[in-house]
Each structure stands twice: as structure tokens, then as C-alpha cells.
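Asks: One-letter residues, chain by chain:
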Amino acid sequence: MTLASEAPATSGDRRQKLFTAINRSAAWLSALGLGWLVPLLKIAAGDDPREQMGELRDSLLFPLLGIGAFLLAWAVLAPQVQTSLGAIPGPAQVWEQTGALWQDHVAEREKEADFYVRQDERNAELVAEGREDDVKVRAYTGKPTYLDQIVTSLKTVGLGFLIATIIAVPLGIASGLSKPFNGALNPLVQLFKPVSPLAWLPIVTMVVSALYVDASDAFPKALVISAVTVTLCSLWPTLINTALGVASIDKDLVNVGKVLQLSTATTITKLVLPSALPLIFTGLRLSLGVGWMVLIAAEMLAQNPGLGKFVWDEFQNGSSSSLARIIVAVLTIGIIGFLLDRVMFTLQTAFTFSGKR
Amino acid sequence: MTATTCPTPPRHRLTPLLAGLALGLLTSTASSAAMLDVEKDELKFGFIKLTDMAPLAIAYELGYFEDEGLYVTLEPQANWKVLLDGVITGSLDGAHMLAGQPLAATIGYGTEAHIVTPFSMDLNGNGITVSNAVWELMKPHLEMDAEGKPVHPISAAALKPVIEAFDIEGRPFNLGMVFPVSTHNYELRYWLAAGGISPGYYSPEDVSGQIAADAYLSVTPPPQMPSTLEAGTIDGYAVGEPWNQAAVFKKIGVPVITDYEIWKNNPEKVFGITAEFAETNPNTTLAITKALIRAAKWLDENDNANRAEAVEILSRSEYVGADAEVIAASMTGTFEFEAGDVREVPDFNVFYRYFATYPYYSDAVWYLTQMRRWGQVAEDMPDSWYDEVAKSVYKPEIYLEAARLLVEEGHVDEADFPWDSAGYREPTAEFIDGVTYDGTKPNAYIDSLPIGLKTGDSVVGAEVVAAAN
Numbered sequence: 006m007t008l009a010s011e012a013p014a015t016s017g018d019r020r021q022k023l024f025t026a027i028n029r030s031a032a033w034l035s036a037l038g039l040g041w042l043v044p045l046l047k048i049a050a051g052d053d054p055r056e057q058m059g060e061l062r063d064s065l066l067f068p069l070l071g072i073g074a075f076l077l078a079w080a081v082l083a084p085q086v087q088t089s090l091g092a093i094p095g096p097a098q099v100w101e102q103t104g105a106l107w108q109d110h111v112a113e114r115e116k117e118a119d120f121y122v123r124q125d126e127r128n129a130e131l132v133a134e135g136r137e138d139d140v141k142v143r144a145y146t147g148k149p150t151y152l153d154q155i156v157t158s159l160k161t162v163g164l165g166f167l168i169a170t171i172i173a174v175p176l177g178i179a180s181g182l183s184k185p186f187n188g189a190l191n192p193l194v195q196l197f198k199p200v201s202p203l204a205w206l207p208i209v210t211m212v213v214s215a216l217y218v219d220a221s222d223a224f225p226k227a228l229v230i231s232a233v234t235v236t237l238c239s240l241w242p243t244l245i246n247t248a249l250g251v252a253s254i255d256k257d258l259v260n261v262g263k264v265l266q267l268s269t270a271t272t273i274t275k276l277v278l279p280s281a282l283p284l285i286f287t288g289l290r291l292s293l294g295v296g297w298m299v300l301i302a303a304e305m306l307a308q309n310p311g312l313g314k315f316v317w318d319e320f321q322n323g324s325s326s327s328l329a330r331i332i333v334a335v336l337t338i339g340i341i342g343f344l345l346d347r348v349m350f351t352l353q354t355a356f357t358f359s360g361k362r
Numbered sequence: 081m082t083a084t085t086c087p088t089p090p091r092h093r094l095t096p097l098l099a100g101l102a103l104g105l106l107t108s109t110a111s112s113a114a115m116l117d118v119e120k121d122e123l124k125f126g127f128i129k130l131t132d133m134a135p136l137a138i139a140y141e142l143g144y145f146e147d148e149g150l151y152v153t154l155e156p157q158a159n160w161k162v163l164l165d166g167v168i169t170g171s172l173d174g175a176h177m178l179a180g181q182p183l184a185a186t187i188g189y190g191t192e193a194h195i196v197t198p199f200s201m202d203l204n205g206n207g208i209t210v211s212n213a214v215w216e217l218m219k220p221h222l223e224m225d226a227e228g229k230p231v232h233p234i235s236a237a238a239l240k241p242v243i244e245a246f247d248i249e250g251r252p253f254n255l256g257m258v259f260p261v262s263t264h265n266y267e268l269r270y271w272l273a274a275g276g277i278s279p280g281y282y283s284p285e286d287v288s289g290q291i292a293a294d295a296y297l298s299v300t301p302p303p304q305m306p307s308t309l310e311a312g313t314i315d316g317y318a319v320g321e322p323w324n325q326a327a328v329f330k331k332i333g334v335p336v337i338t339d340y341e342i343w344k345n346n347p348e349k350v351f352g353i354t355a356e357f358a359e360t361n362p363n364t365t366l367a368i369t370k371a372l373i374r375a376a377k378w379l380d381e382n383d384n385a386n387r388a389e390a391v392e393i394l395s396r397s398e399y400v401g402a403d404a405e406v407i408a409a410s411m412t413g414t415f416e417f418e419a420g421d422v423r424e425v426p427d428f429n430v431f432y433r434y435f436a437t438y439p440y441y442s443d444a445v446w447y448l449t450q451m452r453r454w455g456q457v458a459e460d461m462p463d464s465w466y467d468e469v470a471k472s473v474y475k476p477e478i479y480l481e482a483a484r485l486l487v488e489e490g491h492v493d494e495a496d497f498p499w500d501s502a503g504y505r506e507p508t509a510e511f512i513d514g515v516t517y518d519g520t521k522p523n524a525y526i527d528s529l530p531i532g533l534k535t536g537d538s539v540v541g542a543e544v545v546a547a548a549n
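As given, the protein sequences belong to chains A and B, one line each in that order. Read in order, the letters of the first sequence correspond to residues 6 to 362 in the working numbering. Read in order, the letters of the second sequence correspond to residues 81 to 549 in the working numbering.
I should point out that these hints are in silico values taken from the structure, not numbers from a laboratory. In this text, all values refer to a predicted model and were calculated from it rather than measured experimentally. C-beta atoms are modelled at their ideal positions from N, C-alpha and C, and glycine is treated no differently. Treat each hint with caution, since some may be false.
Listed next, the in silico SDA-like pairs over lysine to any residue satisfying Cα-Cα at most 25 Å (straight line) [said to hold, decoys possible]:
| # | chain 1 | residue 1 | chain 2 | residue 2 |
| --- | --- | --- | --- | --- |
| 1 | A | K226 | B | D121 |
| 2 | A | K148 | B | E389 |
| 3 | B | K330 | A | A83 |
Residues from chain B shown here face chain A by an in silico Cβ test under 7 Å; the list is partial [what the hints assert, rightly or not]:
| # | residue |
| --- | --- |
| 4 | T308 |
| 5 | K330 |
| 6 | A402 |
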């Protein structure tokens, strides 16, 4: 009797806990773009399916319908546009090229492995002959594959964004805290903010080439040029939002700080940063989005390695598969841009919560 | 019982292994003895997406560079200027170059730098294409054979009425070529002048090359030729393959003549390095030349038997990247003019036969005479100057040393090389206009050509001023 009465109580408890957990993770899931998982999880946990279906329709069915309609329109309309490279490829050809690019990557990696086997054999022979001095270990010199280009682009945008953040956040805090500083900086921000990356590129190329003489292998010149161009264009949203965030800090907080006679450093770390963080992250999110767009243009124009160069090379190749490959790149750029944005949004959500706590 | 039998099988297995190892050692000493002691083994070479970069791709893909202990990265370049600057600044160790580039750089036309070439990459391989609209206008002026196909070679005389018609409408007739000192520029000019059309002059003040021109020539990078023609910016172009055949496949233009018909077996690309690189890395230079000679041999071997495989390699996106059938159209001994008009041109691309890879002084001198003819060399130069420049840029001595090593290693035949040549080819009249070219008498040759600067002429302002006497 006692056993029987205890069992439903614990399972009810468990269910309650499960729902709390699902509800708590809902915010995270939707930040990651997986909001449609929530109703599914609730159904799985035993909630009324009919109630959740409405939720599911909104979060999953409509987006899927949108994508489906787009694919259909693409498949129907694309073959009707004839270019000198043949018809615009539809989803099927693009998918085929995605596979081809992957195959290409695998084949190149095999070639690389073969190269190292040959090199090891050669060196083993030299050692066996007692000519250790002649042993050479050299890196493989094959072409960068599509995946390599994606990694290069991510590295470049990461570096550019990092530099931009290091410059923009302190400047933003300073101009948020000090009116005179803000007054001095504002005209410069307004002047440089609208400048296109393509205008910066020649100047950046010349300056980096002149100053960055001993290029290291990890950061070749081309990468630094693209990264600095990204920096110059993605600086502004972070700077402006940080300044705004810092300036709009609750006056009571500042007064309390004054009463407690906090040092400037403590004021910034304990008061200013926590309350400005949500806006700083809004700025960072915008900056990363701008940076990613700028990067592709910079790579294309400067012939620096990365996805932009891939697009340009394929355009120059002008083969029958070029257009499909370019569309693969366009979609990749879109998906990566979306993922980067989601990452920043997740961070923003995380810090907004802690900021309110 | 089991303990005693167990060790025997492994011992058996070991013996052939040891024997194999010993054999491997023997063969390896033979091959590594041949390997030169290279000063620089990690190299980066630039190229432009054209089929005549083939020796570089083949030397890489077939492991000829690796056989010489060279670790080479091949990198496509945006245009010829970027490529030349890369070699001069040292970001590239060497590159697939237009024959005119090392010469122009050495005499200081454009960016000045002493560039040398130990290896000539190929003969022929270019064509001149006009847009479909221009082709239709040219057609009434062409001579047709019994089958109703135009008689080749087509003279630029058929283009003259078209240009006159453009002129009456007040439209300039624009042609694209790839670089001011490119083979294409000189071939296009030669063809136009042979048909009575002035392609315009250069002067020290005006380097547009459009002074007193009937047709206006301007620069477009090779891979962009078809799209520029399609956009209507130019009415025709002179370019290397596969970009003439690409126009046929894309149905946007018609090739009218190949450079083989303008000058039979004309020199085309060279492999260029800085003189400084050749001096500080003599063994590396030899090793590169060896690998390239082997690649060229492979390309022409057994009556072009390897061309199909070469086409497959070149069609990869990291090399030329155009469709295999487009590249094959010219590389396998045929050339398609008007759609459907496929003609046999077995020597359209020559990489090895006819001593194609030997850097002849006479080839260099021909380009220098054309620079003088069109005003890029502003003043008269004595015959000795042509010879000196040719000898400071073209390095047959390095080439022959590399060839000698390859003969000793058994990779090539003794008969494949002109060992006793003085560096000048025999005088030839195999040009579209039949003018004889003798590389040892450049000034006399310049005076014998129609249209163009002659001895004593100079370009002042917008006109040609003849000698004062």
C-alpha cells in the first residue's frame, strides 16, 4: 500500500522535474535555432500532443514549408535561365557538386598521405645509407581543398574580429564614460563607418606589405591583409553599442559606486561592464555579421585564400560545373554566417541573464 | 614441441624482406646520386590559367619535381602583371611567363628587373577570336572553298571593311589582348598589319598603344576574355587556349585564325626566374629545368599519346579548370573555328618536338623587333643590342647542362637537343605575309615589314615622324 502510493508520487515528481528542465532549456534551444525541439520533447515527456501540435506547426512546419517552396521554385525556374555556361543549376546539380567537392577533399588528403609515405621512405633510405644530414622533412604542397578554404576564411574572420573587439570595446567604454572623449571620437566614427571594405583594401595591402615584413607561416601576409580589412569594417557596431551601453548605465548604480568610493577599475569591472554587457554583445553580434560579409568581398578582390577566392577561381574557370560550385559556396557562406550569428546570440542570451541576476 | 617449431616461420619471412631492403638500397643510391644538391627546395611558382602551363602541372603531378628533391607549390595568378610583380618581389620563385615579359622587364619597359629564362615552355597555342556579330560582317569578304567553308588562313583584310563600317557609325573597334608585351599583342598586331590595319603605336609619353590606330587594343586577363566579349566591351580578342575554344562552346564568338597560321611554330611561353635567383641557386635552377624538360617530353611523347591524360589533369579546378572537352578541343590536335568547322592542326600545341624547349636567342630577338616596330622601344638600336639583350635573358647554357644530366640519367635522347646550335634558328619565311625573318639582322627585318616604325622613325605626339633625311 505504501509502495503503491509512493510510486505515482515519485513519477509525478519526475515528470514535473522533466518539464521544468525542458522549459529551462527552451530559451537555449531557441537561441540555437532548435526551438522546434521543445514541443517534440514535451510530447515525448507525455504532454497532450494536440496542445503541442500547434506549437510544432509554428516552429517547424512553416519554416520547412518556406524552405520547400524555395527549393521548388529554384528547381523549376533555374533551368529556364540560359547562360553561356549552360542553364543555372538546380538543387540536384548543386547537391551533386557538394559531393564532388567532398570527394575532391578526400582525394587530396589521400595524395597528401601518399606524399608523406614517399617522403618517409626516402628518408628511411637515407638513414640506412648513413646520410642522416640529407634527411628532409617538408610539408605537402598540394592545393587547398574546399574545406581548407572554409577553415582559412573562419580563421581570417576570427582574427579580424578579435582585433576589432580588442580595439572597439575599450574605446567604447572610454567614450561611454567620458563626454569629452566621446565628442572627440564621434566625428571620426561617423566619417569612417560608411567606408566600404573595397576602398580600404588597397591601402591595407600596401601598409601591411610595408610593415609586416617577416611573415610567419601561421599568419601569412594575405591572411593578415584580409583580417585587417575585416577589422576596419567590423569595428564600428561594437564601438557604438559599447558606448551606448556604458552611457545608459543606471545612474543610481553610479551614485552608489561614488558613495562607496570605488576605484575606476572596480567601477568598470563591477558596475559598468555587467550592465553594459547585453549591448556590447549586440554590437559584437552585428560586427561579426559585417565582418563575415566583408571578408568574402576582400578575399575575392585581393585573391587572398578563402571562400571568396574559391568563388572567383570558379568564375574564372568557367566550366560547366562552375556555377553549381559557386552556388555551393553561396549556401556555405550563408550557413556559416547563420551559425556565427547563432553563436553570438547564444552568448548574448547567456550574458543578458547573468546581467539581470 | 610447439616451442621449437614456432620461431622458424618468422625467420623464413625475414630473409626475403632483408633481400628486398638490400635491393632497395642499391637502387636508391643510383637515384639519389643523380639528385642535385639544391640550395632551395621549397618553391612557389605562379601561372595563368592557360593550357600552356601544362609542363608545370605535369612536372608536379607526375612527381618530376619531387624526383629532383623540389617541393613545389603551384599558384594561379590573377593577371600577368600580378604574376610578374610576384616574381620580382620574390613572393614567387618563378613563373609561367609570356616570352616578352622577361625581355621587357630586363630592358626596363614596364617594371624593371633582370629576369632570365632557361626553358622555353611551348610553341604556338594562341588564336584570334571575333564576336559573332563581327564574324557575320566579315563573312561576305571571305574566300570560300567548294564546300562553302572559308579558306584558311583568313587575312585581316576581311576585317578592314568591318572596321570601316564601325568607323562610319562612329563606334571604335575594340580588341582584347592579354598584356602590352604579350605574344598575343604582337601576333594580333602582326595579323592586323599584314591585312593593312594599323594596330596603333606606343610612345614614351603614351603607353596605351593606341596612337594612330584603326583598331583599339586593350588589356584583359585571359580567363575573363569570353565574359568581356559577351558583355560587348570588346569585339574580338587574341588569347591562348582554352579561351578561344571556350567562345565556340559558349556560342559567343568565332576564332578566325590560330597563331600557327600567322607564324608557323612561333615561340610562346617561357619559364621566368630572376637573374638573382639563378645566380644564388644554380643547382635549383638546373633541377627545375630538368623536371620541366621531362614534363615537356611526356606531353609530346609517342605522337601526343599522353595528351588525353594531360587534358584530364589540366581540367582540374586548381589548374586551368575549364571543361575537359574544351581543353581537349585544341590539345589533341584539332581546332574548332566556326561551330562545326573542326580542322586538323596537329602542331597547335607543341611542347617538345622541333626543339621547342630550347631557349633560342632568335626567338628573343623577334619579340624585341616587334617592340621596336610598335614603339615600345622608342629609338633605333644597333643589331648588337638585340643580340646582347637576348643573351642576357635567354640561357641555353643552363638548359643544355640540364639536358646533359637527363641524357646521362637515361630520361631523354641525345637527339632531342640541338647541342651545337649557336642559339639562332635558320631564317624563316613561314609567316602569313611571307616576309623572311633572320634573327641575326634585326634592323633589316624591321625595315622589311609593312606598317610599323622603320629605322629612324619615332612617335611624336599623335603621329609617326619619319627619319629627318
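Asks: Give a verdict on every hint.
Replies: Cross-check of the supplied hints:
1. Proximity of A:K226 to B:D121 is assessed by CA-CA distance (about 21 Å); at most 25 Å being required, the pair is judged to hold.
2. A threshold of 25 Å between alpha carbons decides the hint, and for A:K148 with B:E389 the separation of about 19 Å falls inside it, so the pair holds.
3. Straight-line distance between C-alpha atoms of B:K330 and A:A83 comes to about 18 Å, which keeps the hinted pair within the 25 Å bound.
4. Hint status for B:T308 relative to chain A: violated, with the closest Cβ pair at about 12 Å, above 7 Å.
5. For B:K330, the suggested interface contact is upheld, since its CB lies about 4 Å from the closest CB of chain A, less than 7 Å.
6. The criterion of a C-beta within 7 Å of any C-beta in chain A is met by B:A402, whose closest approach is roughly 5 Å, and the hint holds.
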